[in-house]
Structures are given as structure tokens and as C-alpha cells.
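Enquirer: Sequence:
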Amino acid sequence: SMKYPLAMINKLINVCGKDQAISSEIGCQLLKTVATSSLCDKAKGSNLCLAVNAFHGHAHNHKCQLQNHPMYLTGFGLEDLETCKRVFSSSNSVVPLIHHASHFHYIQFLDLQFRQWDKDKYLKLSQFLKNNYKQAMDVINNNTKELNVYHTMFPDKHFNFEQWQVKELHYLQSVAMEPVHGAQAIQYVKALEKLWKVQYSFTPNSGLSVTASEATKWKNLVLVEDLGSDMNIEADECWTPKSPKFKQYIEYSRHCDCICTVETFESLVVQHLLELARANLASTGKYQSMVVSLAHVI
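Quick note: the sequence shown, position 149, residue 149 per full-length UniProt numbering, numbers continuous.
A hint or two may mislead.
What the hints assert, rightly or not - As a list, the in silico DSSO-like pairs of lysine-lysine whose alpha-carbon atoms are at most 30 Å apart: (1) 157 with 167; (2) 3 with 124; (3) 3 with 63; (4) 219 with 190; (5) 145 with 130; (6) 157 with 119; (7) 190 with 247; (8) 124 with 11; (9) 197 with 247; (10) 32 with 119; (11) 121 with 18; (12) 145 with 157; (13) 63 with 190; (14) 44 with 167; (15) 18 with 63; (16) 63 with 219; (17) 157 with 63; (18) 63 with 130; (19) 85 with 119; (20) 219 with 197; (21) 121 with 134; (22) 124 with 18; (23) 167 with 145; (24) 121 with 157; (25) 134 with 42; (26) 32 with 11; (27) 44 with 63.
Unchecked claim - Just the calculated beta-carbon pair ranges, DEER-fashion: (28) 258 with 89: 36 to 44 Å; (29) 45 with 80: 21 to 29 Å; (30) 96 with 44: 44 to 52 Å; (31) 44 with 71: 23 to 31 Å; (32) 157 with 40: 56 to 64 Å; (33) 114 with 260: 41 to 49 Å; (34) 117 with 157: 26 to 34 Å; (35) 130 with 169: 18 to 26 Å; (36) 255 with 83: 39 to 47 Å; (37) 84 with 130: 21 to 29 Å; (38) 32 with 265: 46 to 54 Å; (39) 117 with 258: 48 to 56 Å; (40) 116 with 153: 47 to 55 Å.
The set of hints was computed from the structure by calculation and includes no laboratory data.
Yeah, the Cβ is synthetic: ideal placement off N, Cα and C, and Gly gets one too.
Please take these sequences and the hints and turn them into a complete structure.
Expert: Here's what the structure looks like:
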């Protein structure tokens, strides 16, 4: 339920005030929820920023990342927004102590764990800020050198790097919506295919009910006529498998399906690789194990 995140956001705004950022694995969805809730004006007035976690954010589509991933948002620096995972991961060390403990001692040890976590992190806060500052300066200095070399190699080219993200997002938003006519044509082609399939699948020996077959055929026929009417296609001008436009849009439809399949596969692969890297399980396949075993033998 979204009432718990909304209650948490309301509490953080009351306690921490303006100009703060809150991350969540569903930060993009949470942003929409806040915009339609009673917290909308309060969140806008406090200049609240909602983002997705750096690790989980890579599983979101690229358009979402450009708008909500900390790598593309100004002000996050080197922060990956995964603090909660580290906090709860640290509590794993308490598990052996409380596994068979009573409820009282269970709560007591967890409370001690998180109190000690706060003290340890507070003591190391200055070192944390110093290391982050040094790392940020190294990133700036190294990348500045790379940019200077690039500008030296291509003096006639002047790129506004800060606008690349904006342009990329604008492009993705512009191509996200398929043209109305193209979408209608694809629906029309698919409806025709369903109609032909029903017509050709019914034979005296097919075992199908005549009543059910006629009802299905009539339903698809009405859909074809409605779509054809929207596209100004007369009933006697209905497309056939040999029609040039039918061939054009059936190819376009299959091309779109192929792109969607590849993008889904790519997203799953990238997500799995990131999860393996996060768990330090990359390069642990069968071939890698054989190489390690041979190395030990040698």
C-alpha cells in the first residue's frame, strides 16, 4: 500500500524541512503517487526530490533513468542512495544471537545493533566526507583532462554535454508514442489475421462448434469493419495478404514486436549482471570454475 510511503514522506518533510531528496526502488511510481495525493502542494513547497536507488534504478527503462536515476540528477554527487540496504545488511551479524532468543531479547539486540551503527557512522562521518570529497575531485580532474584532450583533437566541435541528457529524454519522449495512423493500421492488420485464422481453422472435421465459430468470426468481422471505418477503408476495399499496405504494416508490426522483445531481453540481462556484480558472483560460471581448478592443479 502507498499509504506507508506517503506517511514516511510527510514525516520527513516535517522533520527535515525543505530541499531534501528521498529515494526508493519505486521512486518513479512514488513521484506520480505524491503528485496525485494531498501531499502534492506540500512536496512542491518543500522542493522535494524523489529518485530511484542507483543499483535498482538500472533495472528501470532508460527514459525513467534519465528522469529519476541519481547518475543523471544534479545534486546527488557520488551518493548511490543504498544506505537502507547497508543498514539492514549489517543487522545480519545479529542473526546468530537472536535466532533462538525470546521476543524481548530479539528486539533488544536489534535495538543495540542499530544504536551502535549510528555511533560508528557518526564517528566516521568526517572521514567519510573527506574521502568523498577526494574521490569527487579525482573524478572532476580526470574527466577534465579527458575533455581537454578531446577538444584538442576536435577543435571545431563544440558540444554542450549538459544538454545531451535533455535532448536524449526529449527524443525518447517523442518516439514513445506511436503515430495514431500507424497504431490503427497495426490493429487493423492483426484483426484481419485473427479473422482469417478463424475462417480457415473451421472445417467439418475440426471438431469446433458451429455456433462458437460463427460467434467468434462475427466478433472479429465487426472489429475489422470498425477499424476499417476509422481508417476510411470501405468494406469492399478490405486489405488482403497481397495488398501492398498489408505487407507494409505486417512487416512494421513484426519489426516493432522484435524491438520490444530485444529490449525486454536486454533489460533482463543487464539487471541480472548488475545483481551478480552486486553480490560479487560475476565470473563464477562453469568455465571459470574449470580455469580456477586447472590453475590450482598446475
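Enquirer: Decide, hint by hint, whether the structure agrees.
Expert: Results of checking the hints against the structure:
1. 157 with 167: OK: residue 157 and residue 167 at ~17 Å, within 30 Å.
2. 3 with 124: violated, 35 Å
3. 3 with 63: The hint holds at about 26 Å.
4. 219 with 190: holds, 14 Å
5. 145 with 130: Satisfied, since the Cα-Cα distance of roughly 23 Å is no more than 30 Å.
6. 157 with 119: violated, 52 Å
7. 190 with 247: holds, 12 Å
8. 124 with 11: Status holds; Cα separation ~27 Å.
9. 197 with 247: holds, 17 Å
10. 32 with 119: With Cα atoms ~36 Å apart, residue 32 and residue 119 exceed 30 Å; violated.
11. 121 with 18: holds, 24 Å
12. 145 with 157: holds, 17 Å
13. 63 with 190: holds, 28 Å
14. 44 with 167: holds, 25 Å
15. 18 with 63: holds, 27 Å
16. 63 with 219: violated, 38 Å
17. 157 with 63: holds, 27 Å
18. 63 with 130: With a Cα-Cα distance of about 34 Å, the restraint between residue 63 and residue 130 is violated, given a limit of 30 Å.
19. 85 with 119: holds, 18 Å
20. 219 with 197: Roughly 13 Å separates the two Cα atoms, so the pair holds.
21. 121 with 134: holds, 19 Å
22. 124 with 18: holds, 26 Å
23. 167 with 145: Distance of about 25 Å is within 30 Å: holds.
24. 121 with 157: This hinted pair is violated, its Cα atoms lying about 47 Å apart.
25. 134 with 42: Outside the cut-off at roughly 36 Å; violated.
26. 32 with 11: holds, 19 Å
27. 44 with 63: Roughly 22 Å separates the two Cα atoms, so the pair holds.
28. 258 with 89: 36 to 44 Å: holds, 40 Å
29. 45 with 80: 21 to 29 Å: holds, 28 Å
30. 96 with 44: 44 to 52 Å: holds, 47 Å
31. 44 with 71: 23 to 31 Å: At roughly 24 Å between Cβ atoms, residue 71 and residue 44 fall inside 23 to 31 Å, so the hint holds.
32. 157 with 40: 56 to 64 Å: Since residue 157 and residue 40 have Cβ atoms about 43 Å apart, the given range 56 to 64 Å is violated.
33. 114 with 260: 41 to 49 Å: At 44 Å between Cβs, range holds.
34. 117 with 157: 26 to 34 Å: violated, 50 Å
35. 130 with 169: 18 to 26 Å: violated, 35 Å
36. 255 with 83: 39 to 47 Å: holds, 44 Å
37. 84 with 130: 21 to 29 Å: holds, 24 Å
38. 32 with 265: 46 to 54 Å: violated, 27 Å
39. 117 with 258: 48 to 56 Å: Given about 49 Å between the Cβ atoms, the range holds.
40. 116 with 153: 47 to 55 Å: Holds, since residue 116 and residue 153 (Cβ atoms, about 53 Å apart) stay within the stated range.
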